[in-house]
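Fit chain Y to the known structure of chain H by using the hints.
There are 2 protein chains.
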Amino acid sequence: MSKPMFENIALVGIGLIGSSLARVIRREGLARHIAVASRSAETLKRAKELKLGDDYTTDARKAARGADLIIVSVPVGACGAVAEEIQPALMNGAILTDVCSAKSSVIAQMQPHVPEGVHFIPGHPLADTEKSGPDAGFADLFDNRWCIFTPVPDTDPDALERLSEFWRRCGANIDTMDPQHHDMTLAIVSHLPHIIAYNIVGTADDLQSATKSEVIKYSASGFRDFTRLAASDPTMWRDVCLDNKDAIVEMLVRFSENLSFLQRAIRWGEGGKLFDLFTRTRAVRRSVVGQDVGLADFGR
Amino acid sequence: MSKPMFENIALVGIGLIGSSLARVIRREGLARHIAVASRSAETLKRAKELKLGDDYTTDARKAARGADLIIVSVPVGACGAVAEEIQPALMNGAILTDVCSAKSSVIAQMQPHVPEGVHFIPGHPLADTEKSGPDAGFADLFDNRWCIFTPVPDTDPDALERLSEFWRRCGANIDTMDPQHHDMTLAIVSHLPHIIAYNIVGTADDLQSATKSEVIKYSASGFRDFTRLAASDPTMWRDVCLDNKDAIVEMLVRFSENLSFLQRAIRWGEGGKLFDLFTRTRAVRRSVVGQDVGLADFGR
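Quick note, the sequences are listed as chains H and Y, same order. With the working numbering, the residue at position 231 of the first sequence is 231, and numbering never jumps. With the working numbering, the residue at position 118 of the second sequence is 118, and numbering never jumps.
Just chain H, with the same shape it has in the complex:
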């Protein structure tokens, strides 16, 4: 096995992402020592049973002490508090990164707490399932997924390359963009789809229970395609909505405008408008499928 990239990696937060990192770090031998921190004693106990790290603590600062890589994998809303808590323990030359889906907010929350000499590099692996918690993670989660960095000004190129190499060894492909662009792109590609999925499943859940059970019974006819996203972690997605508010509301407004146009076309029997849209969207599917052969019967 090649020499470990890092001496001590601190994983602050050990949910789906954190525990997947723990597993792949171990498998690839990327660290000599893994310190696992979780606010929840119960989660920590489970992480220990799963042997995800070398030591375990509910004190993030303790985990961060002496670490040359600290990966914060907590909901967006908790990033600032974590940064403030671990600040005194951060070692000169250490790399501090995160995995959150709303980068402008993460930067605003964490950067003020980053000491001189510590390399803060915001990151976001586009890897997710509807499951959460330390049991949900797996070493292949990042295989061939994108990891997007949104570097702050004056980021040390060597540190950035070192973190990039770490993620490549975790299986990911690397991209970099500015935080605002990241947040707008993710709003349409990830945040809006999740919110819409939550909303359509919620709308069905509001129906009288007889109808509701039929929705489950017949879900294969379309509804089912939405339920996976609507089962994602509530805390994480509450925070994403609150911390990428502007981009999300902008996309929601566009979506609702278009939906009103569509509803009006249905009400007034304007078949041509419907046919045009329904034809246009086919091409998008072809592009998506084109990039992923495993997608052939995706969603069935």
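Treat the hints loosely; a few may be bogus.
Chain Y is faced by these chain H residues, among others (derived, beta-carbon under 8 Å) [stated by the list, open to error]: (1) Val-118; (2) Phe-138; (3) Ala-159; (4) Leu-160; (5) Arg-162; (6) Ser-190; (7) Ile-216; (8) Lys-245; (9) Phe-275.
Derived by calculation from the structure, the hints in this document are not laboratory data. No residue lacks a Cβ here, since even glycine has one placed at the ideal position from N, Cα and C.
Then chain Y, alone, in the frame of chain H:
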């Protein structure tokens, strides 16, 4: 092989559903003879190359002549014209059925043309993929899917049982309900999800091309779950929207009300409301997954 259930089955329309029926009828030996009719000479040529039937015609009336089972598998909007066209050829005692997703409209269109002594039994197999045309069909399409009948008053119970047995041998499970209830249930479980999927993919397609290519590139982070439905047959879905208008608009109004509530909660930072909805929807996923083990990593 057991004695065929029918002497001559006429398949009017040979797209995804019609061609899947042709394949399973052949495999299960459910008919002595299969007549294939399609308005499109090109589709018919392809059906012949695929050996889907015993003879082929662009004249639906010719196919229906002497058939003891006629299955109309055309878009909702074309059902009335087909019924009118084949009427003179319909044999006394024959069973006439369809596969459309909007039953009240199908009944209103077809029933006036059904001669005395012909058993008209509206049906709807809840089996679909995003593909269309005679190449898209496969014999297993109906395996363990629901086929819902919406019988009209005074339907002959023997004919209904005979058609039910036919669909069971095609792999489907049988349900019956009244047309209005079917249309309202399908509006939420199938029609609304398709319309929403079309709309979100269309919204992304409106973005400037740079962003659009990023939507494709990063689609695995949520967007992708919508693209399958948004690739469904445009003609079929235009007709469904027009022919189940009232139920669909009713569901769209509920959906939009809820989405406005959600958007307002995001704008005003009301995390509690978001968390409550995002938690409630998880249970629905569990029920859906509970009924289908193959669903574990559905949508990834």
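Verification of the hints:
no., hint, verdict
1, Val-118, "29 Å, violated"
2, Phe-138, "11 Å, violated"
3, Ala-159, "24 Å, violated"
4, Leu-160, "20 Å, violated"
5, Arg-162, "24 Å, violated"
6, Ser-190, "4 Å, holds"
7, Ile-216, "5 Å, holds"
8, Lys-245, "6 Å, holds"
9, Phe-275, "5 Å, holds"
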